Amino acid sequence: MSGITSSTALWYASRATGIICLVLLTAVMVLGILVNRQGRLPGLPRFAVTGLHRNLSLLAVGFLAVHVATAIADPFVTIGLAAVVVPLASPYRSLWIGLGAVSLDLMLVLIVTSLARAHIGRRTWRGLHWLAYACWPVALAHSVGSSGDLRAGPLLALTAACTLAVAGALTWRIVRARRATPRARRVAVVLSAQAGAR
Amino acid sequence: MSRHADDTSRAVAERDRGHARLRAVTAAAGVASLVAAGAVGLALPGAQHAASAGTASASTAASAPASSGSTASTGASSSATNAAARKTAARSSGSLSKATSSPTASSGSGTVTSGGS
Numbered sequence: 001m002s003g004i005t006s007s008t009a010l011w012y013a014s015r016a017t018g019i020i021c022l023v024l025l026t027a028v029m030v031l032g033i034l035v036n037r038q039g040r041l042p043g044l045p046r047f048a049v050t051g052l053h054r055n056l057s058l059l060a061v062g063f064l065a066v067h068v069a070t071a072i073a074d075p076f077v078t079i080g081l082a083a084v085v086v087p088l089a090s091p092y093r094s095l096w097i098g099l100g101a102v103s104l105d106l107m108l109v110l111i112v113t114s115l116a117r118a119h120i121g122r123r124t125w126r127g128l129h130w131l132a133y134a135c136w137p138v139a140l141a142h143s144v145g146s147s148g149d150l151r152a153g154p155l156l157a158l159t160a161a162c163t164l165a166v167a168g169a170l171t172w173r174i175v176r177a178r179r180a181t182p183r184a185r186r187v188a189v190v191l192s193a194q195a196g197a198r
Numbered sequence: 199m200s201r202h203a204d205d206t207s208r209a210v211a212e213r214d215r216g217h218a219r220l221r222a223v224t225a226a227a228g229v230a231s232l233v234a235a236g237a238v239g240l241a242l243p244g245a246q247h248a249a250s251a252g253t254a255s256a257s258t259a260a261s262a263p264a265s266s267g268s269t270a271s272t273g274a275s276s277s278a279t280n281a282a283a284r285k286t287a288a289r290s291s292g293s294l295s296k297a298t299s300s301p302t303a304s305s306g307s308g309t310v311t312s313g314g315s
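Protein chains in written order, with this note's numbering: chain A, 1 to 198; chain B, 199 to 315.
You may find that some hints are simply not true.
To be verified - Label-pair distances were calculated between CB atoms; the ranges are:
id, chain 1, residue 1, chain 2, residue 2, range
1, A, Thr-5, B, Leu-232, 43 to 53 Å
2, A, Ala-184, B, Ala-227, 34 to 44 Å
3, A, Leu-115, B, Ala-227, 11 to 21 Å
4, A, Gln-194, B, Ala-203, 20 to 30 Å
5, A, Val-112, B, Ala-227, 18 to 28 Å
6, A, Ala-160, B, Ser-200, 51 to 61 Å
7, B, Glu-212, A, Thr-5, 50 to 60 Å
8, A, Ser-94, B, Glu-212, 49 to 59 Å
9, A, Pro-182, B, His-202, 28 to 38 Å
As the list claims (entries may be wrong) - Sample of chain B residues with no beta-carbon within 10 Å of chain A, all distances over it, derived:
id, residue
10, His-202
11, Ala-203
12, Ser-207
13, Val-210
14, Ser-231
Because the hints were derived from the structure by calculation, they are not lab data.
This structure is a prediction, so every number in the text was calculated from the model and none was measured.
Glycine included, every Cβ here is placed at the ideal spot set by N, Cα and C.
Given these sequences and hints, build the entire structure.
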């Protein structure tokens, strides 16, 4: 039986949306790696994988907004507005909430630069997008450190599954990148293959 | 010429199908996320935790000099017990709750403290 009442609803909402946010961020991370190596999902064309990566990241931002808003609005929590974006500003569990602030800041950078990609140029966007590799582990550390929910039971298994998914995708990316022909030599390889075919 | 037009129309149809699938998958992910959030919220520990931790919290409060006295701890209203229990549960589960705040109803006499001599 749930203990959700009018006074605890915000508390439960914050915890639940935080967990869903972690799962969505994991999916976004895996899809991002897939997009980078021109990977495909069954039943979806390649451009749809990129679109799904973008849509899920916006969905994650929506859940993140609810997570943050409910955490601030919960009368039992003293986090404060500044602590949402300023690390270590929260009087409550300053380290773990601070990691959440760092993760939120990184995510804002990723989202804003992706939306303004046409204006900042592909090279700058790509350089800043590497921050995603810092954003996810920091978000995971915040999730595990600030809440005991993910440290036991089925949610511990969920956390492990998220970690394994990102680790697996990262390994796949590294292996594929090592096998791939470097961009500088790709033209020469294609031309010589065409010449051989003639 | 006609073949080129056929190829183009086929590519356009394929692209539209891709967009439709993307929309469907995104909508499904959104609905699934909302349902999952609700389910996780209902399944999260807290209530049972709080109920079992309530007694311990009250007794702890009774033994602490700064908290309510024995009268308050034994005759406290259910809301005060729930609030204290929630904070104790939050402390033990590490969830987002202010662990350091005192219970709202601390209206005891305050004359009885632990280890009274």
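Evaluated hints:
Range check, A:Thr-5 to B:Leu-232: about 21 Å between beta-carbon atoms, so the 43 to 53 Å window is missed. Against the hinted window of 34 to 44 Å, the Cβ-Cβ separation of A:Ala-184 and B:Ala-227 comes to about 38 Å, which satisfies the hint. Between A:Leu-115 and B:Ala-227 the Cβ separation comes to about 20 Å, which falls inside the hinted range of 11 to 21 Å. For the pair A:Gln-194 and B:Ala-203, the beta carbons lie near 29 Å from each other, so the given range of 20 to 30 Å is met.
Checked against the hint of 18 to 28 Å, the C-beta distance between A:Val-112 and B:Ala-227 comes to roughly 22 Å, which is consistent with it. Distance hint for A:Ala-160 and B:Ser-200: a CB-CB separation of about 57 Å, consistent with the stated range 51 to 61 Å. Taken as a hint, the range 50 to 60 Å holds for the pair B:Glu-212 and A:Thr-5, whose Cβ atoms sit roughly 52 Å apart. The supplied range of 49 to 59 Å is met by A:Ser-94 and B:Glu-212, whose beta-carbon atoms lie about 53 Å from each other.
In this structure the supplied range 28 to 38 Å holds for A:Pro-182 paired with B:His-202, their Cβ-Cβ distance being about 36 Å. Consistency note on B:His-202: stated as away from chain A, and its beta-carbon is indeed over 10 Å from all of that chain's, at 21 Å minimum. Look at B:Ala-203: its CB is around 21 Å from the nearest CB on chain A, clear of 10 Å, so calling it non-interface holds up. Consistency note on B:Ser-207: stated as away from chain A, and its beta-carbon is indeed over 10 Å from all of that chain's, at 17 Å minimum.
Residue-level check passed: B:Val-210 sits 13 Å from the nearest beta carbon of chain A, beyond 10 Å. Interface exclusion of B:Ser-231 from chain A breaks down, the closest Cβ pair being 5 Å apart, not more than 10 Å.
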